[in-house]
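Colleague: Chains as they are written, first to last, in my numbering: chain A, 303 to 459; chain B, 6 to 523.
Among the hints, a few may not be true.
Computed cross-link-like contacts, DMTMM-like style, restricted to lysine to aspartate or glutamate with a CA-CA straight-line distance of at most 20 Å [to be verified]:
#1 B:Lys148 <-> B:Asp122
#2 B:Lys288 <-> A:Glu440
#3 B:Lys448 <-> A:Asp446
#4 B:Lys73 <-> A:Glu325
#5 A:Lys402 <-> A:Glu456
#6 B:Lys295 <-> B:Glu152
#7 B:Lys222 <-> B:Glu176
#8 B:Lys288 <-> A:Glu452
#9 B:Lys73 <-> A:Asp370
#10 B:Lys73 <-> A:Glu360
#11 B:Lys222 <-> A:Asp370
#12 B:Lys302 <-> A:Asp370
#13 B:Lys222 <-> B:Glu286
If you are wondering where the hints come from, they were derived from the structure by calculation, not from laboratory data.
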Amino acid sequence: MRNDAGRTEERLIDIVNGWIAREAPLLPILNEVQASFGYMPENAAAVIGRELNLSRAEVHGVISFYHDFRKEPAGRHVLKVCRAEACQSVGGREMAEHLKRLLGLDWHETAADGSVTLEPVYCLGLCACAPAAMLDGEMIGRIDEQVAAEIVREVRT
Amino acid sequence: MSITVWVPADSAARSVGADRVAQRIAEVAAARGQAITIRRNGSRGLFWLEPLVEVETAEGRIGYGPVKPADVEGLFDAGFLNGGAHGLCIGRPEAHPFLARQTRLTFERCGIIDPVDLDGYRAHGGLAGLERAVAMPAAEIVKEVTESGLRGRGGAGFPTGIKWKTVLDAEGPQKYIVCNADEGDSGTFADRMIMEGDPFVLIEGMAIAGLATGATKGYVYTRSEYPDAARVMSRAIEVARAAGVLGHSVLGSGHAFDMEVRIGAGAYVCGEETSLLNSMEGKRAVVRAKPPLPALKGFLGRPTVVNNVISLASVPVIMARGAAFYRDFGMGRSRGTIPIQIAGNVRHGGLFETAFGLTLGEIVEEIGGGTLTGRPVKAVQVGGPLGAYFPPSLFSTPFDYEAFAAKDGLVGHAGVVVFDDTADMLEQARFAFEFCAVESCGKCTPCRIGAVRGAETIDRIARGIEPEKNRAVVADLCQTMKFGSLCALGGFTPYPVMSAMTHFSEDFSRPPVREAAE
């Protein structure tokens, strides 16, 4: 019987093989690993590096550069709230504080029950429908107190 | 006969309920035994009216917006399927003042067609530019684009034709067209709208760029914050490939060009072209020093055109209607049209494509209709998070690369974010530093460390600690960042900071806070 690390390695190699024939495959591989596992497994840098003939340090350096790659799994829901200027101009700062209070979380924190992770994001391109957020990849614009309450209800269920 | 109802699938429209509205329309139509076909378009760019539902009638399309699911029964009661009167009716969208005042060239079809319907694209004038280009020698295409006066719409304003010529003349086993779709500037959404609303125009522009330079492979590099854009773009590429618009023989010309979408992983700095290239190559997305120019040593060290979405999406109309047609719009050295994105605290936020030359005041007050809150405008940030804050006293500045530069600002990617008089400009200056600190790639010390020190110094000013001395420190720091950073992130962060301090000095004179005594 294979252990967890062995199964993880097998999945990582499968992902690498899906891209290896393409030009410059590392970034799409890392994106797919993040999407598939929900985080970067501990052995990801070593396994991917070995398959692509890169050093573990090189792959680790790339992983650590980007905001999207997590060391640990996120909550069941991920709420990304926009902090950028267009949202600020229509009360985005206050709305972000309001959501933080309702969720009892600060930026980058995950609820103790694992229900939701709160992340800042800098622009979702919804700048004429601000303030905006993204919940599990779905866009939410014109957030007011009612919409905020709906978001909180949804992540708690 | 089945009536066609259009409901936008643009992500901004979806963010305010377009999917629920489409579903509700389908339900009510079914319950009433009414035969309808719901089609999904991009957005027209009148975002305060989204979701903007349009019905095809004998008099043309009639628009209703903003529609909520709860409005749908009432719309059916009012006979909206025949263009019936209703409080949400805006009449023919083309006749709406916000659209009627525009000159839509790049966005000609956006919000009108089904984004992945190639026949619809062709029926609305699409592919005419590429059809002309396949019959021309590469150098002639480059000449046409050069003569159009098109400059990079990403923000730098570099002449597109000159960049293409450098790549055409470069030797290399493989050349590339890389579309910079890493639209991270707050207040901008033009790239997103094109990718979601008319992706074929970008594909056509990239294929023309390929023919013009000898590049046979293209990449669209977009952000992970734009999942809808990536999905629609990828689908459109498949459709174009199946129809022979892309592939080993573009439109049967014998010239090969194919392309794919690559997605970033959350790093604002990737909008800088050399950092984007490193990111695409699977490296840490740190900025590269120039030279060598990406045109000579770009993706994988090979000759590469790196152009913004709007630059490339403007090429088809230039090729279809000629350089002179395009060049005749605009002012000074800013030729053609620019899609201005009006956002933030504004009544009529949206996309306004027009010739260069409108004043900032016209854009904010006349077209944007002033603030959403109804309070006086205090500041307008133009050009994203690295753009300057303009006070109303500079509203006479015309929208033009050189005119904005002369006022210590920049047009950038043409985002305009409006703030009312409740804005605290010290907070805005602090945020500019904070953002730079979060997103710095770390290569240049003035950017990596200066941004952190800048935010700390602003905090001291906020607490009334030696304000005069600390303002001088900020100014000095900005000077160092401006001249000591390789790219615009560190180099332009001084724009919002210095403009806030210069034009809104009252926000930077705070009384000392008691507990702040040192």
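Colleague: Run every hint past the structure and note whether it holds.
Modeller: Right, here's what the structure says about each hint:
1. Distance check on the hinted pair: B:Lys148 and B:Asp122 sit about 31 Å apart at the alpha-carbon level, beyond 20 Å; violated.
2. This hinted pair does not check out: B:Lys288 and A:Glu440 have alpha carbons roughly 29 Å apart, beyond 20 Å.
3. For the given pair, B:Lys448 sits about 40 Å from A:Asp446 by alpha-carbon distance, which is inconsistent with the 20 Å threshold.
4. The hinted pair formed by B:Lys73 and A:Glu325 fails the criterion: a straight-line CA distance of about 45 Å is larger than 20 Å.
5. Between A:Lys402 and A:Glu456, the direct Cα distance comes to roughly 15 Å. Compliance with the 20 Å bound is thereby established for this hinted pair.
6. This hinted pair does not check out: B:Lys295 and B:Glu152 have alpha carbons roughly 26 Å apart, beyond 20 Å.
7. For the proposed pair B:Lys222 and B:Glu176, the alpha carbon gap of about 15 Å is at most 20 Å, so the pair holds.
8. Restraint check: the Cα-Cα separation between B:Lys288 and A:Glu452 comes to about 40 Å, which exceeds 20 Å; the hinted pair is violated.
9. Straight-line distance between C-alpha atoms of B:Lys73 and A:Asp370 comes to about 33 Å, which puts the hinted pair past the 20 Å bound.
10. With a C-alpha separation of about 50 Å, the suggested pair B:Lys73 and A:Glu360 falls outside the 20 Å cut-off, and the hint is violated.
11. Of the supplied pair hints, the one linking B:Lys222 and A:Asp370 is violated, its CA atoms being roughly 27 Å apart against a limit of 20 Å.
12. Pair hint B:Lys302 plus A:Asp370 does not hold up; C-alpha atoms about 28 Å apart against a cutoff of 20 Å.
13. At most 20 Å may separate the alpha-carbon atoms for a hinted pair to count; B:Lys222 and B:Glu286 meet this at roughly 15 Å.
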